[in-house]
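Based on the hints, put chains X, G and V in the right spot on chain B.
4 protein chains.
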Amino acid sequence: MHAPSAGIFGASGYAGVELTRLLAGHPSVRLAFVSGESWRGQSVADRTGVSGDAGAMRYLDVEDALAAAAGIDCVLLATPGEASMALSASLSARAGSGKIVDLSGAFRLRDRAAFEAAYGHKAPPAEQLAASVYGLPELSRAVIAGTQLVANPGCYPTAAALALGPLLRAGIISPNDLVVDAMSGVTGAGRRADDAYSFAEIYGDARAYKVLAHQHAPEIAQTLADFAGLTVDAIDLTFTAHLIPIARGILSTSYARLRTAKTSADLTALLRQAYEGEAFVRVMDRPEQVDLHQVQGTNLCTIGVSCEPKDGGRVVVVSAIDNLLKGAAGQAVQNMNLVLGLDERAGLTDLARSSS
Amino acid sequence: MHAPSAGIFGASGYAGVELTRLLAGHPSVRLAFVSGESWRGQSVADRTGVSGDAGAMRYLDVEDALAAAAGIDCVLLATPGEASMALSASLSARAGSGKIVDLSGAFRLRDRAAFEAAYGHKAPPAEQLAASVYGLPELSRAVIAGTQLVANPGCYPTAAALALGPLLRAGIISPNDLVVDAMSGVTGAGRRADDAYSFAEIYGDARAYKVLAHQHAPEIAQTLADFAGLTVDAIDLTFTAHLIPIARGILSTSYARLRTAKTSADLTALLRQAYEGEAFVRVMDRPEQVDLHQVQGTNLCTIGVSCEPKDGGRVVVVSAIDNLLKGAAGQAVQNMNLVLGLDERAGLTDLARSSS
Amino acid sequence: MHAPSAGIFGASGYAGVELTRLLAGHPSVRLAFVSGESWRGQSVADRTGVSGDAGAMRYLDVEDALAAAAGIDCVLLATPGEASMALSASLSARAGSGKIVDLSGAFRLRDRAAFEAAYGHKAPPAEQLAASVYGLPELSRAVIAGTQLVANPGCYPTAAALALGPLLRAGIISPNDLVVDAMSGVTGAGRRADDAYSFAEIYGDARAYKVLAHQHAPEIAQTLADFAGLTVDAIDLTFTAHLIPIARGILSTSYARLRTAKTSADLTALLRQAYEGEAFVRVMDRPEQVDLHQVQGTNLCTIGVSCEPKDGGRVVVVSAIDNLLKGAAGQAVQNMNLVLGLDERAGLTDLARSSS
Amino acid sequence: MHAPSAGIFGASGYAGVELTRLLAGHPSVRLAFVSGESWRGQSVADRTGVSGDAGAMRYLDVEDALAAAAGIDCVLLATPGEASMALSASLSARAGSGKIVDLSGAFRLRDRAAFEAAYGHKAPPAEQLAASVYGLPELSRAVIAGTQLVANPGCYPTAAALALGPLLRAGIISPNDLVVDAMSGVTGAGRRADDAYSFAEIYGDARAYKVLAHQHAPEIAQTLADFAGLTVDAIDLTFTAHLIPIARGILSTSYARLRTAKTSADLTALLRQAYEGEAFVRVMDRPEQVDLHQVQGTNLCTIGVSCEPKDGGRVVVVSAIDNLLKGAAGQAVQNMNLVLGLDERAGLTDLARSSS
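In order, the protein sequence lines correspond to chains B, X, G and V. Add 598 to the 1-based position in the first sequence for our numbering, that's all there is to it. Add 598 to the 1-based position in the second sequence for our numbering, that's all there is to it. Add 598 to the 1-based position in the third sequence for our numbering, that's all there is to it. Add 598 to the 1-based position in the fourth sequence for our numbering, that's all there is to it.
Derived by calculation from the structure, the hints in this document are not laboratory data. Treat the hints with caution; some may be incorrect.
To be verified - Computed list of lysine to any residue pairs in SDA-like fashion (alpha-carbon distance at most 25 Å, straight line): (1) V:Lys908 <-> G:Ala863; (2) X:Lys720 <-> X:Asp824; (3) B:Lys808 <-> X:Thr858; (4) X:Lys808 <-> B:Gly788; (5) X:Lys808 <-> B:Gly910; (6) V:Lys808 <-> G:Ala863; (7) B:Lys808 <-> B:Gly788; (8) B:Lys908 <-> X:Asn774; (9) G:Lys808 <-> B:Gln640.
Here the structure is a predicted model, which means the values were calculated and not measured.
Same shape as in the complex, but just chain B:
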């Protein structure tokens, strides 16, 4: 059997570079092309340090990449939302087009009005939305495997939904008093030629951004509703994102209320059971054991939980991911593996044999 092939649009962004590295090292998928307007004509080796066949590739412009996508088994879009909509429409219109994994927010929200409020631009056509599946493997692995278009989850939603989802599904916490307070490294904002993201402005600083207006809030709510089998309206959630002066990693602290008295050990056991067999979720004994070093450079999500052991007691769940891996490119490869019928873990283990 021939190796399945993959191609990348938007390969010059931070997530695109990670995708390139992951696919260059993938044991059973062949990287067929990379596209990135700003690096057009340059070699992958020069821009990313990747060696071998992948390193010898050159970045294509969009037109050439669309031509190169013919017959490719899976196309990964690490492009802004509007570009992703246009590209997925173009790709789907061609005969024999392959699967698509889109890393933008374009196809994540099923409610088009909520989408337009969150993103400030037009939602994709209803039929395109209907053909897509939200790609959080730990929530809906089987459905993802059969879809044509995977909407790869956002970074904050991945960290928050994996933390709270199983507790909501088990009916242990109330859906109507949720707070998610999270901090992210700077690559979460994408590659920027912007004084506000210059080293001197970020170094030693921290701040909240898009308070009560972040586009990931409705995505977290939708995903938690899916976990719990509820409608989005049943979720009352407040989400705040903070920028901290590190390169990569998200630490997310989620707050909920117990519906009946439980202990921290009960909740830890429930999370462990929920994630039994999952390759990329690790439940720690205590929330203080969750940190960014343990996830940076990996596709892992680590989770720890503690609670006030009484009716109505507060639950605190801390979770951590690498925003560019489990929060973007790593999860996209996980989804690619699923749609291609490969081992979900292929190319994603032993990423951090040497950490920094």
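Quick look at chains X, G and V alone, frame taken from chain B:
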């Protein structure tokens, strides 16, 4: 009139060094002695770079410092809680002893059982507690001015109580659904010879600590109760502290619920009115305008608020302080100024004429 | 006597912001205007956090600032070199114009051919050059005081020349085997909206830049020649600049050869004698005691020296400055004080009463 | 054929953890034991995040590890020098003992007097020294392969010798005017419970250390002499190490003088020829292209060179390595591969499939 005099115990910790710098530059208080066992005999200039008379001083051991404290107008204790209890007892037992400002947690909690649960050691004697006043000037300036012993507030409680206090006092938010989620730079943990606080362990990392068990949680609750004229039992508060890889600064994000519909502009106006005339509190137009750079090296607390404009809507208040200044040494000097009858701002403005 | 007045062009760059802070807090100079095209119309308080009268000022455009400069005692130019040439010509052409301190490289090199090779654009007219003085107070204080136009030294040249100058002047080291290897924080490159200076690119990285081609190399050589009473040709110097991931500070390590056997103690004593009475130079016992923390936020240069105690032995001198203060705005205020006949230290001591 | 086996002493230090990760992921060597007194009894998974069989191992104390070393094909010592001497003596005394790769400085200097001056403790016995080989594969691959005991090079010597070695060997630069000025991240100092290495002390700071007294200076000189076929006395070298606030990476800038006129292109071509076929050395077009990001998490050394194109012109060579990989654990695995007769690159490529 002669210049009032001050002395410092615990001058070798991070807060003690800041106190030393502030008092060396104070326009109307004379620094009379500094004590710090680990730097005993060394000069202040060598350890802190302070020049002039203060720089020429040498660190005393505790016995010599107690002798030197006789006749001093104000003694500042930047010592651990148990040392603060012993020192304040020793100092108070001497005839003609001056005022005391204690930067530890020893005298902050009025409830001795809560104290012992939070700190894990014995609370101070009831009569000593009764003689002390919690020193948040923006809450109780007049009472502080007349006390013998000021309990200087904790860093997180300062940031959180200044953010939520006026809203609670005005009855605009519910006291029974409060979450405070805050992040601090590493000096907040004090000077440490501990591998866990080494550069390589902290750099690029972030984590929560003492989840649901931080000693500042009851202090925040007590202070908010005082703002609102409620008993501590009326406050239902969850507090989480995080360590982020910067040297100094606390960014605190507080969550509450509106009791009746208000707009973000209403809340901003209320905070501005509450802090009118305050030298060290600055209310920003929006919570995204609050950041650490603007407070580092200053005695300022900056605050910004936003809300969902409906009954029961969530309120998000972001506040920032320098943990070593408004969160420790700066506020201690503010309290010292009050007990000595000086201008509260003396020695605390223009701190950051050159920032880094 | 009325307070002398000063105005700033280029106030929106990093050095310009420092100048603004320094002048806002200056005890005897009145800040009359600030100009910065990119912040035109905004208030100084909003952009810098400076309070009081200076904070209430608004940034002028260049035309309005030129009008405002009439009758001002000293104008500071924190503008790029070509703008500085144009502005100083405009200012000098007006009757009754005040003194000028220029922070750019425009007037630093006396050799116009060397200038054009280093900067890649036309040197200023010979008569303008002839009317200017290179403003390193520790080298030529008296001449500076009488000049109309001060060329404020570059950051690397300040650190390197203060380190090597007295040793060369004393004839202790050879002028023909000098290496200066220095590292700087990112503000040294100025405010940039450039992906290469974004946080994610700089964080955790380090690199050399402009190897054998840095415009500060001829400036260091010229200044060392001036110290030693030699022609520039007699100086054989190699200079390498490195970028390290911090906000501010320069650490410079200089290498030379002894002409006759000396000890480290000899050299330390010679430097101490050379800088006796200098307010802003501090000679440490050993080069390992020089670090960035001790100079950040101050106008200090710290220096330490060690050598192989034999004929021809290598000398290593380590020096540190804050690139925005002694390396730019602080030294500019020192020069302004000199040309205005004020105490050279005015507004420059106690800058770092609270450090970060 | 059965897989060769390896064991690690000193596995709890930074280099030891890297060794553990590398061996856990090695394609053809079986990790048989790990020893680290401070982590005795804990699991490798808990301390390092390594999964699989290696993760399930527990850290042994030294006695148990010595027993476990019987019959092991290669033992790696990531221990302090004195421990390495004792362990290698113990191991060699046992029948059928395997090869040893020692990461300490114990066996690197052939001159025992120079050793004792540099390290301040007794050199190993002459016969033990005589049986060891300095393990820089790019210099002496064939000899390494046949030895019993490999002295793995120091981090700074690796970076400096790879930069200057081929130029010296070709007779292009003078051996008697060499300066190496290098900066290292904090892991270079090893794991420390020391206030001087705490985050708050290091953050934003930089300094030189052990000026004219660093133990790596004679090692660099010896290695350069070996490259050039000279005696150590023929090398006149000054080396300065600096600490910068990053976790890992060494950037080394080396200075020499041309013996006859050459261009930068000549030198680049010579380095490319010298390293043709080398898997772990990459020669860049220009020294400004060398940076830490490109080597962090990899076993690479990148090098760039520039010169003044004239007789006696200065040569500047910039080189970069990851101090824990090519500067320690990675090079140790390279040496282990050589002594075990494996592909030198085994387990060392694709280390940084995901960078941070």
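Now for the hints, and whether the structure bears them out:
1. Straight-line distance between C-alpha atoms of Lys908 (chain V) and Ala863 (chain G) comes to about 37 Å, which puts the hinted pair past the 25 Å bound.
2. Proximity of Lys720 (chain X) to Asp824 (chain X) is assessed by CA-CA distance (about 24 Å); at most 25 Å being required, the pair is judged to hold.
3. Restraint check for Lys808 (chain B) and Thr858 (chain X): the C-alpha separation of about 24 Å stays at or below 25 Å, so the hint holds.
4. Between Lys808 (chain X) and Gly788 (chain B), the direct Cα distance comes to roughly 32 Å. Violation of the 25 Å bound is thereby established for this hinted pair.
5. Taking the CA atoms of Lys808 (chain X) and Gly910 (chain B), the gap is about 21 Å. The hint holds against a cut of 25 Å.
6. This hinted pair checks out: Lys808 (chain V) and Ala863 (chain G) have alpha carbons roughly 16 Å apart, not beyond 25 Å.
7. About 16 Å separates the Cα atoms of Lys808 (chain B) and Gly788 (chain B), which keeps this hinted pair within 25 Å; it holds.
8. At roughly 15 Å between alpha-carbon atoms, Lys908 (chain B) and Asn774 (chain X) fall within 25 Å of each other, so this suggested pair holds.
9. A threshold of 25 Å between alpha carbons decides the hint, and for Lys808 (chain G) with Gln640 (chain B) the separation of about 23 Å falls inside it, so the pair holds.
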